[in-house]
Structures are given as structure tokens and as C-alpha cells.
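Student: Take a look at the letters that make up each chain.
Number of protein chains: 2
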Amino acid sequence: MSTKIEQTKFKVALIQMSMSDDVDENISKAASWIDKAANEGGEVICLPELFSSHYFCQKEDIKYFNLAESIPGKTTKLIGEIAKRRKIIIVAPLFEKRAPGIYHNSLVVIGNTGDIIGLYRKMHIPDDPAFYEKFYFTPGDLGFKSFKTSVGNIGTLICWDQWYPEAARITAMMGASILLYPTAIGWHPHEKLEHGKAQFDSWQTIQKGHAIANGIYVAAVNRIGLEKLSDETAGIEFWGSSFVADPQGIIIAQASTDKEEIIYADVDLSRIEYVRQNWPFFRDRRVDEYEKISKRFLDEDSI
Amino acid sequence: MSTKIEQTKFKVALIQMSMSDDVDENISKAASWIDKAANEGGEVICLPELFSSHYFCQKEDIKYFNLAESIPGKTTKLIGEIAKRRKIIIVAPLFEKRAPGIYHNSLVVIGNTGDIIGLYRKMHIPDDPAFYEKFYFTPGDLGFKSFKTSVGNIGTLICWDQWYPEAARITAMMGASILLYPTAIGWHPHEKLEHGKAQFDSWQTIQKGHAIANGIYVAAVNRIGLEKLSDETAGIEFWGSSFVADPQGIIIAQASTDKEEIIYADVDLSRIEYVRQNWPFFRDRRVDEYEKISKRFLDEDSI
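Chains A and B, in that order, give the protein sequences.
Take the first sequence: its position 204, counting from 1, is numbered 204 in the numbering used here, and each next residue is one higher.
Take the second sequence: its position 181, counting from 1, is numbered 181 in the numbering used here, and each next residue is one higher.
Chain A on its own, in the form it takes in the complex (with noise of 0.2 Å):
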């Protein structure tokens, strides 16, 4: 593992895709993707949340827990071979069967060697309608994690974390140069009209946020598609919408809600540095005062 930073900039890659049932053909896609990728001078290439299979979250059903597979595994090794042979950094979030009984979901950062160099498991786990990850994920317990890679310091969090200024902040102060934000989100079909846009709308806003508070890039890898189980379900409408905001909450890259493709953003040290000079939050936080976060709530602190 390299630890040392050698470039003041760095170039992501965001794979937008879509996913069917046959992980195989996922993961081939993926690895097509992750060629184009690299040809087009991406160095740090990102997939979407579990991009190996459908996001079968929407059921809560053993026959799934099959999907998972060890880390190191199959799909490690396979797209180790990618980014030795490529030499670039790949992020890849996967279902991780960690023994009986213990699932999650993670991603590693593989290096330019083609080595594990990272592992996250993804600390908040949402339990809402079609989206029953608590069933199948226990939440992480390896904490927040920024990975010094040979082109740079990334810090990677999974979806549900996007809602967390906690774990934004926490990873950037581990010197995180990006947020990288693996996702797996959409619309119940029958809400979007209704209430599609300021879903949406919250959902970049808040990313921007963390982007802003912490001088830092910010990416997010969604998928496409409309997923439907079976007929039971109505499914989820995977609302792509990638983008990468700048550390002023810039969007500097943004992708269509409905094409597989590649977005690509430099991150900028310089830039991170230009940024927090001129609004040097991080000089000025209350350190002193902040030790109440790690409650659940304090309703009886009130005046």
C-alpha cells in the first residue's frame, strides 16, 4: 500500500448503470464499464451500491442472503486483476457474507497493485418501505474510514450514510479529499409525481451540505432503472442523478436520471485548500461543546 500522496489531483470516474438478475452479466458489465473508465483517464473508479446484483432490499427474503460472498472473494479477485492490469483505484461495494449470520453491506477499495487496500461496512442501515435493508445488513462496526491511495485520500461511505453530517464530517477529518457515496436510491412509482422532485431535491442538498461544512468533494454513484421482483411489487424507479459537488457545493459533474454512463471530475487539492482558507470552518469548531452528538436525544436539556 502506498502511503504516499504523489499528485495534487486526481481524476474520479462515476459508473452510472443499471443492473438485471444475472450477477455474472452485472459484473461483466461493470468491469466493461471500468475499461472505458480507465481509457478516459479515470483513476479512481467508483460503482454504485451492490452493483452486482438487483437491489433485492425491496423483499425480505433468505433465498438473497446468496448473493453474498466472502471478502476477499470472486469479485475482489476479479477486479483486482482489472486495477493491477489498468493500474488504477477501484471502488466496489458488495454484499459481504462475513460468517453465518453476518452480513453487510460494504465496499472495498482495491489499489493500483490490485490489493484490498480498504474495507467499509456501511454504518447507518435504513429499514423504510421496498427498502428493508435492516433485514439483511448488520451495520458496520470498522467505524468511519478515509484510505490513503496512491493517487490520494478517499473516504468512502455507503447511501443511507448521505443523510449523516456526522459521518461526512467525521471522514473528512480523517483527510478525506472525496466522499465517495456508493447509492442505491429512487422513487416508490407512486409518489414521484407527487413528491419526486423534493425527494430528489433533498437528496442533493444535503450532499452539497457536507461538501460545503467540510471543504471537500463530494460524489455520489446511483443506479438506473426501474427493479421490480415480481409482480407483487411495484418496484423502485432508481433515480441515477450522479453527480460530484466541489468543496464550495459546486456540482461540478451531474448525470442523466435515466442512461447508464460515466461522469468524471478532478479533484483538486488545491482547491480543497483554496476553499477552507477562505472559510476555515475547521479552525473554529467548538470542539469543547460537542461531546452531546453522541446521544440519541436530549429532550430534557431544552433551556
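Among the hints, erroneous ones may be present.
[Said to hold, decoys possible] With a Cα cut of at most 35 Å, we get these calculated DSBU-like pairs of lysine-lysine:
{"no.": "1", "chain 1": "B", "residue 1": "Lys-192", "chain 2": "B", "residue 2": "Lys-29"}
{"no.": "2", "chain 1": "B", "residue 1": "Lys-292", "chain 2": "A", "residue 2": "Lys-9"}
{"no.": "3", "chain 1": "A", "residue 1": "Lys-11", "chain 2": "B", "residue 2": "Lys-295"}
{"no.": "4", "chain 1": "B", "residue 1": "Lys-197", "chain 2": "A", "residue 2": "Lys-259"}
{"no.": "5", "chain 1": "A", "residue 1": "Lys-84", "chain 2": "A", "residue 2": "Lys-36"}
{"no.": "6", "chain 1": "B", "residue 1": "Lys-9", "chain 2": "A", "residue 2": "Lys-292"}
{"no.": "7", "chain 1": "A", "residue 1": "Lys-9", "chain 2": "B", "residue 2": "Lys-295"}
{"no.": "8", "chain 1": "A", "residue 1": "Lys-87", "chain 2": "A", "residue 2": "Lys-36"}
{"no.": "9", "chain 1": "B", "residue 1": "Lys-295", "chain 2": "A", "residue 2": "Lys-295"}
{"no.": "10", "chain 1": "A", "residue 1": "Lys-295", "chain 2": "B", "residue 2": "Lys-292"}
{"no.": "11", "chain 1": "A", "residue 1": "Lys-36", "chain 2": "A", "residue 2": "Lys-74"}
{"no.": "12", "chain 1": "B", "residue 1": "Lys-97", "chain 2": "A", "residue 2": "Lys-295"}
{"no.": "13", "chain 1": "B", "residue 1": "Lys-192", "chain 2": "B", "residue 2": "Lys-36"}
{"no.": "14", "chain 1": "B", "residue 1": "Lys-97", "chain 2": "A", "residue 2": "Lys-292"}
{"no.": "15", "chain 1": "A", "residue 1": "Lys-292", "chain 2": "B", "residue 2": "Lys-295"}
{"no.": "16", "chain 1": "A", "residue 1": "Lys-197", "chain 2": "B", "residue 2": "Lys-197"}
{"no.": "17", "chain 1": "B", "residue 1": "Lys-36", "chain 2": "B", "residue 2": "Lys-228"}
{"no.": "18", "chain 1": "A", "residue 1": "Lys-74", "chain 2": "A", "residue 2": "Lys-259"}
{"no.": "19", "chain 1": "B", "residue 1": "Lys-9", "chain 2": "B", "residue 2": "Lys-87"}
{"no.": "20", "chain 1": "A", "residue 1": "Lys-11", "chain 2": "A", "residue 2": "Lys-259"}
{"no.": "21", "chain 1": "A", "residue 1": "Lys-74", "chain 2": "A", "residue 2": "Lys-87"}
{"no.": "22", "chain 1": "A", "residue 1": "Lys-259", "chain 2": "A", "residue 2": "Lys-134"}
{"no.": "23", "chain 1": "B", "residue 1": "Lys-87", "chain 2": "A", "residue 2": "Lys-292"}
{"no.": "24", "chain 1": "A", "residue 1": "Lys-29", "chain 2": "A", "residue 2": "Lys-134"}
{"no.": "25", "chain 1": "B", "residue 1": "Lys-197", "chain 2": "A", "residue 2": "Lys-9"}
{"no.": "26", "chain 1": "B", "residue 1": "Lys-192", "chain 2": "A", "residue 2": "Lys-197"}
{"no.": "27", "chain 1": "B", "residue 1": "Lys-59", "chain 2": "B", "residue 2": "Lys-295"}
{"no.": "28", "chain 1": "B", "residue 1": "Lys-197", "chain 2": "B", "residue 2": "Lys-29"}
{"no.": "29", "chain 1": "B", "residue 1": "Lys-228", "chain 2": "B", "residue 2": "Lys-29"}
{"no.": "30", "chain 1": "B", "residue 1": "Lys-11", "chain 2": "A", "residue 2": "Lys-197"}
{"no.": "31", "chain 1": "B", "residue 1": "Lys-11", "chain 2": "A", "residue 2": "Lys-192"}
{"no.": "32", "chain 1": "A", "residue 1": "Lys-97", "chain 2": "B", "residue 2": "Lys-295"}
{"no.": "33", "chain 1": "B", "residue 1": "Lys-36", "chain 2": "B", "residue 2": "Lys-97"}
{"no.": "34", "chain 1": "A", "residue 1": "Lys-192", "chain 2": "B", "residue 2": "Lys-197"}
{"no.": "35", "chain 1": "A", "residue 1": "Lys-134", "chain 2": "B", "residue 2": "Lys-292"}
{"no.": "36", "chain 1": "A", "residue 1": "Lys-197", "chain 2": "A", "residue 2": "Lys-292"}
{"no.": "37", "chain 1": "A", "residue 1": "Lys-197", "chain 2": "B", "residue 2": "Lys-9"}
{"no.": "38", "chain 1": "A", "residue 1": "Lys-36", "chain 2": "A", "residue 2": "Lys-77"}
{"no.": "39", "chain 1": "A", "residue 1": "Lys-11", "chain 2": "B", "residue 2": "Lys-292"}
Don't read these hints as lab results, they were simulated from the structure.
Starting from the structure of chain A, add chain B where the hints point.
Tutor: Same frame as chain A, but now just chain B:
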């Protein structure tokens, strides 16, 4: 002090105004605007940061310490009389003289009996060109605050606090239905053309982010006008744009950049409950893993 929440809805009024170098004039203008807001149904009425004077922090000059006043004092008495007469809650920011050599950028919450029911001292103190607040203001030592009033639970923060997710989070955890941010923010005239829009967008976006993260109303109350303390300084063009965001981060009231005006919004507890039931972020917070928030930075923790 009433600790019983009697209403499920209350109307906030934000008074966006300009200030002159005449303190008495500013206070009497504020009093008129408060009366107007009360006439129009405002129940919680909030003034801008340091509303009784020019934004003197553009320069470091000990003469401006003479603007500070005790709490309680002349201004809180006058504001208290209005609050009692109109049976309203008033949030009045003040330059607080606490002791010789200890001054704070503070606010009081005055209840509908005319009594001071809350005191908050700005926790995060900026120091940027023309915002030399560290010279004047001792950082707050009362912690973050939410106050139970006769109409609802009100969280108060001041200006630079806006950039800190920790401040919003802790205040929301104390049961606040709204975060009120009296503010004095504006453009350096020489920067406005190039950076003005991006600066404004960042400011509003991060606050919308606090609304979303916490399922809470957020209101910022800014001043307007170009204030130039002397011919030696370029002055600051305060950008107004006071606003209220709802618990999903949707702007529900928005003021102009350059007019004195009052904007109103209903704080509806049922809307907060609806949003938090749909996006139950508080439920899934990883309170076991947030203690690092209390550190300044974590450079050694990468990987």
C-alpha cells in the same frame, strides 16, 4: 415561563432591515417593525444579528465596545415591554457586556410576559477580512440552546454557527422545532461579481441541509444595505435574502436581497412529524461511533 407546549403550529416573522449608525434610531425602527409583524399575526419575531448598530466588526477599534450593553438592560427592557404588550415572543440579538473585558455576541428570547426566558451566546466566532469578530466577542460558554416558549420550542444560533452541522444537530436534539439564525452576512463589493452567487448558494444550501438532516424548520434573518464604517474600508454589502426552509429543506419564505421587509412562515409540528416518520434519520444515528466529532482533526486515523 410556560413550559407547556400549547400549540401545534406557530407563526414566525423574520424582520429584515437596514441599520444606521444611530443606535436609538435602529432600536425604534426595530420596534415599529415588531409591531407590524405582531399586527400581521407573527407569534415569534426575530431580529437580525446585532440589530441595534452597524456591523462594527469590519474594523478592530476599542471604541466599539461602548456599543455593548448589559443583559438585562435598557434594550431588553424596551423589547420586553413590546413583547408583553403584544403577547409575542421576541428573539433579540445584542452585543452583550458581561464584565469588563468579556463581551459576547448574544441573543435573548423574551417571552410573552415580557420576561427574558432565554440567553444564547454565539458559540462559533469568525475572523475573516472585515469580519473581525474574534477581537470583540468571547466565544459563548452556555452551550447550545433550545427554549420552550408559550408557543413552541425554539432553537437559537447566530450567523457563523450556520456553517456547523454539530450546532444544528445538538440544538435539534434538544427538541427545537425551528433553528433561528440571526445573521449579518454580505458580499465584499470587490468579490460580488465573481463569487457572489456561489457564496450565497453555499450559505443557503448548508442551512437547507441542516433542515433536511434534522427534519426541522430553519430560518435565517439577515440585514441589508452597504455599510461602510469609514472611507478607508470597502464596506460590506449585506445580502438580505432572509428565508425559512421547511423540514425537508424546501424554501417556504424568501426575502429580497435589498429591501426592508418581514417574511412569515408557519412552523407546523405535524409537518415535522410527517417528515421525520418518512425519513427517520434520528432512529438510525450511530451514537456509538460519533465521539471523534469532539476532536479537532484525525489525520493519523486514515485507513
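Student: Which numbered hints turn out to be false for this structure?
Tutor: none
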